[in-house]
Amino acid sequence: MKSRRIFSVLLASALLVPVLASLSGCGGEKVTVLKVYNWEEYIDEGGEGSYLYDLALEEETPEDEIVAPRIVEDFEAWYAETYGEKVKVEYSTFGTNEDMYNELKLGNEYDLLCPSDYMIMKLAAEGYLTKYDESFFDPEIETNYYVRNVSPFIAEKFASNAGLELYPDASGEPILWKDYAAGYMWGTTGFVYNPSAEVSSEAGEAVPLRDLLEEQGWQTFVDPRVKGKITAKDNVRDTYFAAIGVTFEQELLALDPAADGYIEALTAYFNATDEETIARVEPTLMDIKENIYSFETDTGKADMVSEKIWLNYAWSGDAVYALDEAEAGEIDEETGEIVEGSQLFLDFFVPKAGTNLWFDGWVMMNCVEERGTKKAAQAFVNYMSMPESAMRNSYYIGYTSVIAGENAEMLDYVDWLYGEEEENEEDFYDLSYFFPASEDGSPVGIYADEEQRTCRQLFAQYPTEEIISRCAVMNYYREDASDRINELWSRVKSEKLNWWAFVVICLVVVAIALFVIFVKFGNKIDFFHRKPKKGYHKIES
Amino acid sequence: MKIPRFSRKTLCIPYGVFLLFFVIIPMLFILFYAFTDKQMHFSFSNFVQFFSDPTKFSTIIYSLVIALVTTVVTLLIAYPVAYILARSKLKKKFVILMLFVLPMWINFVLRINALRELFNLISQAKPLEGLANANYFKTVFGMVYDFLPFMILPLYTTMLKIDNSLYEASADLGANGFTTFTRVTLPLSMPGIMSGVTMVFLPSMTNYVVSDMLGNAKVTIIGKFIYEYFGTNWHMGSMIALVLLIVVFLSTWLTGGFKGDETVRGTNL
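Residue numbers (our numbering), protein chains in the order written: chain A, 695 to 1235; chain B, 50 to 318.
The set of hints was computed from the structure by calculation and includes no laboratory data. Mixed in with the good hints, there may be bad ones.
So these bits of chain B aren't anywhere near chain A, every CB distance computed over 12 Å [as the list claims (entries may be wrong)]:
#: 1; residue: L68
#: 2; residue: L69
#: 3; residue: F70
#: 4; residue: I73
#: 5; residue: V114
#: 6; residue: Y132
#: 7; residue: A135
#: 8; residue: V144
#: 9; residue: F190
#: 10; residue: L291
#: 11; residue: V297
Pair by pair, the computed Cβ-Cβ distance ranges are [claimed, not checked]:
#: 12; chain 1: B; residue 1: L69; chain 2: A; residue 2: A1195; range: 37 to 45 Å
#: 13; chain 1: B; residue 1: F93; chain 2: A; residue 2: A1195; range: 23 to 31 Å
#: 14; chain 1: B; residue 1: Y64; chain 2: A; residue 2: G1066; range: 37 to 45 Å
Idealized CB from N, CA, C, for every residue including glycine.
With the hints as extra help, turn the sequences into a complete structure.
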């Protein structure tokens, strides 16, 4: 019996260890645990390839002396220094908005989430979220980096609810997006394309892809000349959006961007889920499926780099990543130089008829109040909104931060990445819409070469104001609309069976069933019993 | 010090608990969700919708066909291999068997990803360009590649158990090679075939990682449908899962999977 007692003591102590650890944490110095739930690969993870690392390399620090910690660790240190309290970040990641939503529905709680626009509205409408403190938006407070550094463009979009539908909260008041969300990254969707690829026109002349895109816009998705060379996203939200672009391109182009209510009309087109729209979009989706190489979520970048496909419908941040990756080429290990011919220069294009403008923002779940983590959560958002943090995150993941900087610090960063030394008047890239106005009222922007201004990383990360003015934000689908869209998607993804194929298949299935029954029960049915040959007889067992 | 003794009943407890929490309760959940609507009221609407909607039904049929082709191809490849291995007097046949089983030690997602890259490489050659868009072919290929060991092993172990004297008796009674095969080898290896078929047929209906990675997500099998519905509508997802469960149950029952006397089942895995 003694051994069993020892065993149980061991077991009990094993169970107690975490409890004791947390108790001692409470007794001595209080450690706040902040649970952050973010997209995969959506934050600076430090190490090789991070901003701090590459900056140190540029300053010719020897490689083994470079320190490039994860940004989350830096936040913990900063928090201890600023507030004199300890915080521990429990960082976890999700792959899609819907996956994240399912986690929450199962009852999992996090202090901070980073969903996209339509999901923020859904979560807010369903009462998952808590509002930011009013003091969070007070620019007078030194540590309120978010409100002080956020781009005026983003702040304006958030304040105007960016064309999102309003839903009433529990008390019947309309839900305002800005109360619940602080921005993190933003961007558009468009086509990454291979400028060296060519198709032929009807007259038999070679047409570069760029011209094809300019001419066809969204129709490129169903252009037989790029059959098997283009990809769409393997999720209903993005592909349905694109299919609306294809179906209603003429109507969208006919809208006048200068007219009042243009954005509302555009948003209404791209978010339509009524029966009639679905009936018109469905054949388009079928054509798209027929024409594309694949539905993908993350293989498109690699397929672009390996030149297997020419066009990849992508989020702007992913596009920048693909452009960087293709440009990097192979490094010769001996000389340390790029192998000749291994580089590939890809470009980015946004259809004229309008595209998707999206935001990913930090939101706090209700549990922050009782868990006492609201202060730490808001501090986390503020820390991520320091210009240097924004640079680090943006550099690491390729997406565009919502941060502009009080004195347009991000502009120097953009200039450092994409700008050119000479300041030619005609090379000026105007970004006044995004950055705070300069003191003398002159336009804010950088000098960059033509490629950067029209189709490369700069253009993908910071599109021109003209493009931004033609963008619609996704609304979340209400229950019945969501069902309609899902059914549509399952019709698109599944195989249509012809009647004869159906008959053949049924026959095969029946034949197999008969065969199995024959094998299984054959010896029990007299009909199948073979008579022994003449001169033989069966041995009865 | 006395060594603690456990009765058989106590030794069953861990597995019993596992069974309860990870098999029985989840199944009850599926059943519950399949027959409720979004307001959590009892309803047959999912059931009706499933069978009145041609897309779901045709996807099930389609998955059955893909699984069937996979199984037949796997069987055609595995049977001769197992036969030769079991009957040969090779001293090192362990090595050959190992070569077939070895891929199972590597995670299958990695292997499928590698296969994808291989196909990419091959389809760069001009005459094989069509391979890039041969989504069904690639899907079936990937499934066969993935499940081949599951077919070879049960076949091999059953055939190994066939007594050599039976072959001698067959020869003594004047049977030629073909008759020996149809009257001795085939009937006696039937349990192995059934075991292999179940192990290949059932997972290949739902293994959507293969159809996504090699079929460019343009081939949709029923497993993918369940996954996608669970992103938005758990009730419909549960209904599809339930129907699939019934199909699986039926085919296992028909192939004799519930008989306890077949020692071959699972002896090798």
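Notebook entry, point to check: Which of the stated hints cannot be reconciled with the structure, identified by number in ascending sequence?
Noted result: The structure breaks only hint 5.
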